[in-house]
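Since chain C is already given, all that's left is putting chain W on it; use the hints.
Sequences listed follow chains C and W, in order.
Note that UniProt numbering has the first sequence beginning at 1, numbered continuously upward.
Note that UniProt numbering has the second sequence beginning at 1, numbered continuously upward.
These are calculated hints, taken from the structure and not from any lab test.
This structure is a prediction, so every number in the text was calculated from the model and none was measured.
Think of the CB as a built atom: it goes at the ideal place given N, C-alpha and C, for glycine as much as any other residue.
Mixed in with the good hints there might be a few duds.
Reference excerpt, derived from the structure (chain C facing chain W, CB under 8 Å, subset only) [as the list claims (entries may be wrong)]: (1) M155; (2) V158; (3) T194; (4) E256; (5) I259; (6) K261; (7) R264; (8) A322; (9) L323.
With beta-carbon atoms standing in for the labels, derived distance ranges [as the list claims (entries may be wrong)]: (10) W:P91 to C:L323: 37 to 47 Å; (11) C:V253 to W:G95: 18 to 28 Å; (12) W:Q143 to C:A83: 19 to 29 Å; (13) W:N120 to C:T53: 39 to 49 Å; (14) W:F189 to C:G325: 54 to 64 Å.
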Amino acid sequence: MSRNQEGEAPLISGGSRRQVSLFDLRVRDEFANDEAKGSAPVSRAANYVTPGTIVTKEMGFMRGHGTFVNPSDQSLVASVVGAVERVNRLVTVRGIGGVYYGEVGDVVVGRITKVMQKRWKVDINGRLDGILLLSSINLPTGELRRRSAEDELGMREVLKEGDVISAEIQSVYNDGSLALHTRSVKYGKLGPGTLVKVPSSIIKRRKNHIHNLPCGVSVILGNNGYVWISPLPNGRMPGTNLEEEDADGKNTVLEEIRITKADRMAVARLKNCIAALSKSWLPIYDTSLMYAYEASTKYECGELLRPDVMQEIGELVRQQMALEGAGS
Amino acid sequence: MAEVLLSEEEKYYLVLGVAQDIRVDGRSRLDYRSGDVEVNTVTNSHGSVRIRLAETDVIVAAKVDLGVPKTETPNQGIIKFLVDCSPTASPDFEGRGGDQLAETICRILSSTYAKSSSINLKSLCIVPKEFCYIVDVDILVLQCGGNLLDVIAMGVKACLGTCEIPRASGTRYDLGKPVPVFSKDEFQFDYLDVSKAPVIVTLPRVGRYFVVDATLEEESCSKGKLAIGVAPDGSITSVDKLGKACYQVRSIAASVQMAAKVGVDVNKVLSDRINKLKLSKLHSAKPWPPKPEEGMDVE
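In isolation and in its complexed conformation, chain W is listed as follows:
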């Protein structure tokens, strides 16, 4: 993770501030910074979102492709994640510098979304064993201002939630093999159901306290952090430890409790914003080519 250089005095000020529950920018330990989210930033993808939380800036784009389901899960689609830490985000990411971080983030996302409860992968299957959707989620980190993992997880959820998946209108048989048939109308699509998808709450420990939405400075004052995936109902989907810290069981339990509480709130706000984004997408959509009449689907 991108680290910033701090003096002993700055660290002293920061850590004691966290203990007094007044962080450097006046937030309490549970407060997030404010951010904004924008939809359709990458026009040639099926769904894309640019999400900013203070200085952290991430673009998430999803591309839907047709593929063959995995043999062990013949009736499920596939979601793949790819993270790219751009060197513009931090000089540390230059060359192969960001690879390790990118890999870690990929792994955490895949493990959180692999839970059958988070997203119904069966809805991405078209013909069992033969055809399914492969959703490639590309994540580009433009700027890293702390709390990268949470922002990426929010972006991924918003991106999957607003991703337009073409609707297969049926199957036809070609040489005895089923082949999916798609409508030529680009406005016939489905949204993925992300109402159970998790967000990640990262809790770095600054001094003796866990904080939510840490800045880069706060992150460099903490040895390690716990990244906790939280579903909208408050259930925990994953717990990962990042960095070189060791935790006692009860402090993990306490942090999981805290994350669950915070995660429910974040999920609530995010779901509301996803609905708003869907609406704004509808408004901004320009029908081109002009919408054909109903039932004109060419097969």
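Pulled out of the complex, with its shape left as it was, chain C reads as follows:
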């Protein structure tokens, strides 16, 4: 903290919404009772297995990821929790939770962890870091040309460690690491906002993963389980990824971005709704998000952090989805 900032005494209670602090600590016993009475019976799909489950005893199937062959009777046994998938004779178990397996075309949200020669390393919640090549981004000026040595030197001005980006998976390398690209106005560096991490398997694959919701908030549901919530349209930092036609040299300064209290409240509410959906292990996509948001409106934003409220919202969303026949 620099001296001049220290000059003014910080405002402590003045301007605070509440004069008393909220502190809520539950005794685990009562909590367990709540869980017992509140939860609905969970129907389990037949093709879900746990480690040790015999997937098949028949011969002639090939051992894929997440399975192994029991040496005593040659049966195929699951080694992870997840859904059984079969492609012809290849049997795999795709784990739920755990790390993200990328697919070409997936929208992901990632954080730059390293600036390297001609490439950035990006944390995308996978087994290996994603790779964003200098040639797979749009230059901030919007020019279309070969990347020069100067561009390479100025890489940290475009994206530096800690920056959050949205990107699409361009290809999967042989070792399983993912190549990303941001060559579209939809993708690139993200502006002020917040990142929520959920298990990648509960993000529902949709045609569109970038939504500008009616509550004035935009949300990017990365297939890798990273969700970006921002009050700015498309969540993007303005002026960092311009197509040639709208490259008017306009450079938005971070300090000029103003965020209203209402927007902040909506972002916080959405963040807590996503946490609630993830806790109830419900699919996350635009519809379920709006159901959760609507169900949450009867509570104050800070109350949504309470486990009982989270559970209630999960339950309401589950009912609503059953009514509409969405998800399953």
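Chain W in isolation, oriented as in the chain C frame:
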């Protein structure tokens, strides 16, 4: 402390949110996240508590041992703290990474509990100069989701409050030396009086404002923090500065005032939960071996 990487934009969003009194998760600056507390998690200890506050997860266990009082305080028992930052909590704690943090936490806890007003250490003495209880409080950090120190202090208070200290039924003299005699009935125990024990309120400064119960993200947006021990009556037991910040006297005074206010509320809730935990302990206790008749104490 475990740090998280944040972009400039995220920091901007977070710090301005604190200034507008709407934090990233919708709390105001004075709000805590919700947590839960569980008793008897470590069955071979005299008292243990698992406390969770959002992502922060800590196990505190107390083991009571017989020992000799320190020569400078011949009529007092001893409380020792040991913190272990497990590498599962954060990759930063791997190897010797967590040692410094663990040491700092130990020091703060010891200095807060060393105050004669916080816990009556005399109640832990059995025979002055000869025998006293040594309470070893082991703290295991399972997950670090911000505000670690506060959670540990709450856990320690709850653990000491529910710790069952065997009751010495008297002393007998062996070769002219007094030796304490214990009842064989495991249900004869005393609770430590923690009604005056402090909790710690850590106040990191995000931008120009102090916040209560900071998340990891908020902690990495602040340079330093003040850890303030607050007793149930609102008196301050300790003030420690963590990190590389400098504070002016008046901002320290303001933060101490804020901590005192918050600390009283936290203490009130915690004392109530400690009583509940004691009750739930009684309910869950299974008498084994079966309770002997009254007055069957073997000496």
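Exercise. Which earlier hints turn out false for this structure, listed by number in ascending order?
Worked result: 1, 2, 4, 8, 9, 11 and 13
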